[in-house]
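Protein chains: 2
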Amino acid sequence: MVSYAVTLLSGGLDSSTVTALAKNEVSNLTALTFHYGQSHSKEIDCAKAISKSLKVEHTLLDISFIEKISWYSALTNPEKFPIPTNSEKNQIGFNIPITYVPLRNTIFISLAASLLESNILNSIEINGANPDDVEAIIYMAPNFIDYSGYPDCRPEFYEQISKAINQGSKIYTEYGIPFNIKTPIIDFTKADIAKLAYKLSVPLEKTWSCYRGTDKPCQECDSCILRAKGFKEANLIDPLCE
Amino acid sequence: MVSYAVTLLSGGLDSSTVTALAKNEVSNLTALTFHYGQSHSKEIDCAKAISKSLKVEHTLLDISFIEKISWYSALTNPEKFPIPTNSEKNQIGFNIPITYVPLRNTIFISLAASLLESNILNSIEINGANPDDVEAIIYMAPNFIDYSGYPDCRPEFYEQISKAINQGSKIYTEYGIPFNIKTPIIDFTKADIAKLAYKLSVPLEKTWSCYRGTDKPCQECDSCILRAKGFKEANLIDPLCE
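These protein sequence lines map, in sequence, to chains A and B.
The first sequence: position 91 = 97 (the numbering used here), numbered continuously.
The second sequence: position 166 = 172 (the numbering used here), numbered continuously.
Okay, chain A solo, but in the shape it has when bound (with noise of 0.2 Å):
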């Protein structure tokens, strides 16, 4: 069997540590990262140096044009919506936040699988492989955390959105291989991710999770705050808040 593999990565903890664990697993790996209109660049440096740190192919894509299309959002537009702090009405477990980007995973996995469907057909219809042999995964890292919050990271979804892009692709409909998206870290707390990063030796100092782009982590925003409460809980230094 022949694994074709993506990983959706963002230059995050959670992001990094199921790359370090997919390039386990899987032998033709790209970690794909997308520039959306992140209100800063530096999660997509991170998301370079894992790539590099991990020997893993990386693919930069911009598509920081969803700014004009999923722009009900703190992520695509914080002047408008301003990144909440640790405040009761935006915080995660509460209602869906307003740094919910809408349909945000739904263009990622379309994306992915559809670099992901190229290079099969191509390995199929130009170099020969038995479709029989070949398998087509999608690493993603939603978590306990995120599918409390988001719609989109929750099983439910990945679910659904398995069986659309299968009968929307020709691997599945003509050669009857169907996507596999992995989630394997959709069940633990930040307590947990961090232990798998360290196990697996994931570059901790290279990721970034802080919505902003200062020179260090700001510990106000919703997503240092649980990263540093992850670590705390798991007994582990975080190398970046050193």
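If you are wondering where the hints come from, they were derived from the structure by calculation, not from laboratory data.
Incorrect hints may appear among the rest.
Chain copies aren't distinguished; within one or between two, either way the pair holds.
[To be verified] Below, simulated EDC-like cross-link-like pairs (lysine to aspartate or glutamate); rule was C-alpha separation at most 20 Å, straight line:
{"id": "1", "residue 1": "K86", "residue 2": "D139"}
{"id": "2", "residue 1": "K61", "residue 2": "E239"}
{"id": "3", "residue 1": "K74", "residue 2": "E131"}
{"id": "4", "residue 1": "K74", "residue 2": "E63"}
{"id": "5", "residue 1": "K188", "residue 2": "E141"}
{"id": "6", "residue 1": "K86", "residue 2": "E131"}
{"id": "7", "residue 1": "K169", "residue 2": "E239"}
{"id": "8", "residue 1": "K222", "residue 2": "E248"}
{"id": "9", "residue 1": "K58", "residue 2": "E165"}
{"id": "10", "residue 1": "K169", "residue 2": "E180"}
{"id": "11", "residue 1": "K86", "residue 2": "E239"}
{"id": "12", "residue 1": "K48", "residue 2": "E73"}
{"id": "13", "residue 1": "K235", "residue 2": "D51"}
{"id": "14", "residue 1": "K61", "residue 2": "E73"}
{"id": "15", "residue 1": "K188", "residue 2": "E63"}
Following the hints, complete the assembly by docking chain B onto the known chain A.
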């Protein structure tokens, strides 16, 4: 009930006819056109002209970066994969043709849905609309001929992708508003579409269906042949080919 709708308008006969139909059905309609590395930009000029004729708001998104990921196709990569002429092997109706762009409609729908969701979240959370009074519609123009060839033009696909974007969205999971993907001409032949276009006074001379960007339609590619056959069967004149 307030309907928010996005219609995917390529500038061809099919999507122009569906856009004219949508204009008659809903009030808040945006036509969305993608520049995605088609081998010519003629279709895009046509989409702009048709939107103007039909008095529909028009948004153009340059997603030509998808050449990098959806590269296994004659439409995104004509140098590697020449556009097929009327040969048996590549003709629509046999296997999925080389003009299939990997996961194209999944990408298009996710982008359209993101715009629609942004507009609807704004109407509810900023302007105070009642979610029970809001409807979300995406108009698309697959038809009988397409779905015999392209997996992402078949009813099974639309059924699955609707469920997926519902599960991945805030408007559905928090406000109970489902995305309704309307494919009003899915069972139509080209002759049926030509008749409907005449009935709706679609400015046919402004549409473009040919895969090539020459002055006049090439009359050799699959798309030209299907269009000509449709007008002939409907006993109508195609003003573009006069």
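Checked hints:
no.	hint	in the structure
1	K86 <-> D139	neither (50 Å within a copy, 25 Å between copies)
2	K61 <-> E239	neither (30 Å within a copy, 59 Å between copies)
3	K74 <-> E131	between (37 Å within a copy, 19 Å between copies)
4	K74 <-> E63	between (29 Å within a copy, 14 Å between copies)
5	K188 <-> E141	within (12 Å within a copy, 33 Å between copies)
6	K86 <-> E131	between (48 Å within a copy, 13 Å between copies)
7	K169 <-> E239	neither (37 Å within a copy, 37 Å between copies)
8	K222 <-> E248	within (10 Å within a copy, 67 Å between copies)
9	K58 <-> E165	neither (32 Å within a copy, 41 Å between copies)
10	K169 <-> E180	within (15 Å within a copy, 23 Å between copies)
11	K86 <-> E239	neither (35 Å within a copy, 54 Å between copies)
12	K48 <-> E73	within (18 Å within a copy, 26 Å between copies)
13	K235 <-> D51	neither (25 Å within a copy, 53 Å between copies)
14	K61 <-> E73	neither (31 Å within a copy, 25 Å between copies)
15	K188 <-> E63	within (19 Å within a copy, 40 Å between copies)
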